[in-house]
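*Asks:* Just so you know, the protein sequences line up as chains D and A, in that order.
The first sequence lines up with residues 1 to 219 when you count with the numbering used here.
The second sequence lines up with residues 1 to 473 when you count with the numbering used here.
In short, the hints are calculated from the structure, not lab data.
Glycine residues also receive a C-beta, built at the ideal position from the N, C-alpha and C atoms.
Please note that a few of the clues may not be correct.
[As the list claims (entries may be wrong)] Partial selection, computed: residues in chain D whose CB lies under 10 Å from chain A:
hint : residue
1    : H53
2    : F57
3    : D63
4    : T65
5    : D66
6    : S79
7    : I83
8    : A85
9    : S94
10   : R98
11   : A104
12   : Q106
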Amino acid sequence: MRLLKFVNISIIAMLSLLLASCSSGENLPRNTGVYMLLDTSGTYAEELVKAEHIIRFTLSRLDATDAFAVARIDTGSFSEKDIIAKATFDDRPSAVNRQKRLFAQQVSEFVENVRPARYTDITGGLLQAVEYLNEKNTGSKTILIFSDLKEDLEAGYIRDIDVELEGFDVIALNVTKLRSDNMDPREYLSRLEEWKGRVEKTGGHWRVINDLDGLEDLL
Amino acid sequence: MSFLLGITPWPVASALLWIVLVVGALYLIRATAHSTIQAATQGLHRSFRLASKAVARSEKTLTTRNREVLLAAGREAKERIIEREFDRINETVRKDLANYSALHRSLSESIGRIEKDHQEAVDVPPDPPGWVKAVKAVAEMDAKDGRNHVGSILSDIHKSLIKAHTEAMNAYHVASAKRHKHRRHMRPEWRLIQQSLSAVGKNVDSLLGRSVTIDRHMQEYEEMVGKHDRAITVLSSSSLVNFFVSAFVLCIAIGGATINFSLIARPMAEMVGGNSVIGGFQTSDIAALVIILVEISMGLFLMESLRITRLFPVIGALPDKTRVRMIYITFSILFLLAGVEAGLAYMREVLLHDELATSALLRGETGATASSGYMWITTAAQMGMGFILPFALTFVAIPMETFVHSLRTVVGLMAISFLRLLSLALRLVGNISLYLGVLLKQIYDLPLFVPLWLEERMARKAGDVGMTQRAIQ
């Protein structure tokens, strides 16, 4: 009888502990939000096959309730119209698989039919990414920039603004060297430094991954 | 340091002076220091001894309690065994003695039939031959008419005799045939009686065997009631054996429950969501665990209702009708849960295929999605396991009951051993502290060897002078 009493008390204590842990802990989101920007300007559009590979890898790493969007960088990228594919994954694993397959298909179609853009508005895309991920209110927020990071704005577009990147991971992928970079590598380095400065100035965390075979640390 | 060595112009002299001063001071306070060391170490010694005694007392109390627990558990187990033996005897007596009147009637009827057949099988003496009268008639004729007709008369007599003999023989054969027939009738009756009596004999033997078993159990029970040491030893060893055996079986059951968990945890995500978390654990995992725990609980209640285990006295004390209802209810719930598990196991396989296909697509391996034609075997096996494991887990109740009961004794024995060791250690430390006092006093005296030597010499000299004076006087 004493033992039964002990078991009962233990169960009640465990339940109380469980409830306490549920109630005391802040109800923070634990999901992941990823926004990927694809540079489609000029010759860089040829690199998009690699981007498709990265997108598939990212899809395989994402799970239920995570959010993922892929958008192109063109003349004016601060627009929902530039989003190629987006998905907030369902809670059920079977639905997640269906969403992933559909997402991959949409990206494939885009890569096959992509037309090079005349200008490169990376800042606009970054603003759009921040807006999207803040709206999704995910636990971790990652912006992937698949670009050579050479911004080329059309006249009239104002992008001299600080993007609030507190709590964001910004990862530049496949930052290729331009012909001018080869002639003067300082250009390439200063470009990277400039973007790093812009991101870290507003509280973001900056990384560059050029070796696409080592994507394990991406997310 | 320089100050210490600077009290005289010569450091060596200063050092020597310090040594002399320190040794002198130590010598002066020697008696006080010795008594302080002795008091401290004796205080420690007493404290440790006191603690050791307290622990030993606790150990004794625990031993008594453990003994009582062991005896109570043993008595309870023995009562159950004896009760079951009596139940079996009751069942045998009820089954066989309830038919006793029928058996008696059958035996009486058989005996009556045998008697009747026996009566009818008695050898009937043949009728006296008819030629006696004929001889008498011949004798009378011989006296009156002479012997003229004797030949014909004898011829008639001969005929009559043959006829009578034939008739008698026929009658005898008929009678013998009848007797044999009656005796043949008696044979099955004897067999019937023999069978009935051997059945009764077997039952009586079984009852005698059971009574011997009950005697043995009663003797052991009496030993337990009398709190004999032999009973305690037997109970302790059997309790330890029960503990290890039941722990082993429980480990196997935990393995089964883990497999069961892995079968249903993944598809549970389809029902409760794949990313929600409660207290740091995934909700789907918690839901799967809860289902398994509910199954084990139902199994416990089923075993309890069947009176196989006695973990919940409330269930055992329920009226039979309610108990039977409870059996049906718990079994139905178990059956439903087993069905749910089989469905979830199927769902798991479907999800796994879906996930593999998606992964292959994302890796760009289009050919990898083709599934083998034999995959239905694994699906069927998983469904079968999902259905069977809940019922298999039902039987966890039996080793669990044994484990719970033996755990009390085992924990008690472990606690006793621990307290015994603690008591020994405390006593050891107490004694060490006592000898430490002696050692410290010796170490204290070590730098004082010069004054002590002088003191000894002076004491000897004083002793010699005293002896000389006494001798002179």
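*Asks:* Going through the numbered hints above, which ones does this structure break? Give me the numbers in ascending order.
*Replies:* Violated: hints 6, 7, 8 and 12.
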